[in-house]
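Chemist: Here is what each chain is made of, one letter per residue.
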Amino acid sequence: VTAATAGVEPDDAELVARARDGDVAAFEELVRRHRDVAYRVALRICRRPAAAEDVAQDALVRAWRALSEFRGDARFSTWLYRIVTNLALNEVTRRREVGSEPPEQAAPAVDDPAARTEEGDRLGTVLDALDALTPDQRACLVLREVEQLSYEEIAEVLDVTVPAVKGRLFRARQELASALADYDGGVR
Amino acid sequence: MSDPTACPAGVPAEDVAAFVLDAEPSDVIDLASHVPTCAACTDVVRSLPGAGVLEDWAGALRAVVAPPAVADRALRRIRAERRVVALASTLAGGWLRVARAALDRSPPSGHREDRDVSGGR
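Protein sequence lines correspond, in order, to chains A and B. Okay, so the first sequence: first residue is 1 according to this note's numbering, each after it adds one. Okay, so the second sequence: first residue is 1001 according to this note's numbering, each after it adds one.
Some hints here could point you the wrong way.
[What the hints assert, rightly or not] Partner residues are not named here, just some residues of chain B that face chain A (Cβ under 10 Å, in silico): (1) Leu1021; (2) Cys1038; (3) Ala1039; (4) Ala1040; (5) Thr1042; (6) Val1045; (7) Ala1066; (8) Glu1081; (9) Val1084.
By construction, these hints were calculated from the structure, which means they are not laboratory data. Ideal placement from N, C-alpha and C gives every residue a C-beta, glycine not left out.
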C-alpha cells in the first residue's frame, strides 16, 4: 500500500522510488519540498543571490539526472545537501578566480523601522563575519547552525571525518563570536 | 614544547566545544565527568559563545525562501531533457527498424546474384 493509496502525503523515499520509475510528478513534488533548502544553503555558502539561484537550480537538475545512482541508504535531503554544498563550494572557488556580483544585503524580517535598522546592522555583521570564514568553515557552520544537521550528516555531506567537522565548527564559531562581540561592544 | 593551557588528558578544545554546544560525545573520554574537573577544558567552556547567541543569528539566516525561478527553471530543464531523451529514443528505434529492414532485404553472405534458381528448363 503506497501513501497515495492510503490517502496520506508520501514521504521522500516513496517519491524517490516513484521518480526513479519515471514519474516526473513525483520528482516535481520533491523539488517543491526541497527548493527552499537548496536555495538557502547555496545562498549562505555563496553569499550571492544570483549565483545561489543558479546553484540551487543546477543541484535539482543534477539530482534528477543522478537519481538512478541514489543508493537510498541516506536520506534524500542529505544527498541533496551534498550536491548543493559541493556546487556552492565550486562556485565560490570559481568566483575567487573571476570575480562577480556583490554579496547579498541584510534584509531582516522585522516591521518596526528602529528595530529593523538595528537587526539589519547585526545581521549585516553576521553576514560579513560569515564571508570572512573559509568556504569549508562556512559550509560547516551553515549545515550545523542553520540547517541543524548532525555531525555525522555534515561529515557525510562534506566527505570528511567527524573530528574534522568538530575542528572546522570550533574555529568558525570562534571567528563569529569574535565578530559579534566587536559589534556588541561597538554599539552598546 | 607542550602547551601550558592544553588539557592534561589530551582532549582537544573542539571536542569540548562540540560537547557543550551540541551534546556531541567524545570518542576518547567521558566529557560529562571530565570537563568540570579540568581547568583547561573549563577555560574552553568559558570562551565559547552561548548557544542562545548562535541561535539568534541562525534564526535570521534560516528565514530564506527560494525565488519561484529556482524550481520553475529546474523543472523546465528536466522536462526539456526528458523530451530530448524521448526523441532520441524514438529516433534510435526508427533507425533500428530501418537497419533491420535493410538487413532483411540484403542477400545473405555468399549469395551469388547470377545463380540460376529457376529450377532449370
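Chemist: Give a verdict on every hint.
Modeler: Evaluated hints:
1. Because the smallest distance between the Cβ of B/Leu1021 and any Cβ of chain A comes to about 7 Å, under 10 Å, the interface hint for this residue holds.
2. Because the smallest distance between the Cβ of B/Cys1038 and any Cβ of chain A comes to about 17 Å, over 10 Å, the interface hint for this residue is violated.
3. With 10 Å as the threshold, the beta carbon of B/Ala1039 stays out of range of chain A, its nearest partner Cβ sitting at about 19 Å, so the hint is violated.
4. Checking B/Ala1040 against chain A by beta carbon gives a least distance of about 15 Å; that is not within 10 Å, so the hint is violated.
5. Violation of the interface hint for B/Thr1042 is found here, the shortest Cβ-Cβ separation to chain A being roughly 16 Å, above the 10 Å cut-off.
6. Taking 10 Å as the C-beta cut-off, the interface hint given for B/Val1045 is violated, the closest approach to chain A being about 12 Å.
7. Residue-level restraint check for B/Ala1066 holds (minimum Cβ-Cβ distance to chain A is 3 Å; threshold 10 Å).
8. Contact between B/Glu1081 and chain A, as hinted, is supported at the beta carbon level, the nearest pair being about 8 Å apart and thus within 10 Å.
9. Interface hint at B/Val1084: violated, since its Cβ lies 12 Å from the closest Cβ of chain A, which is beyond the 10 Å cut-off.
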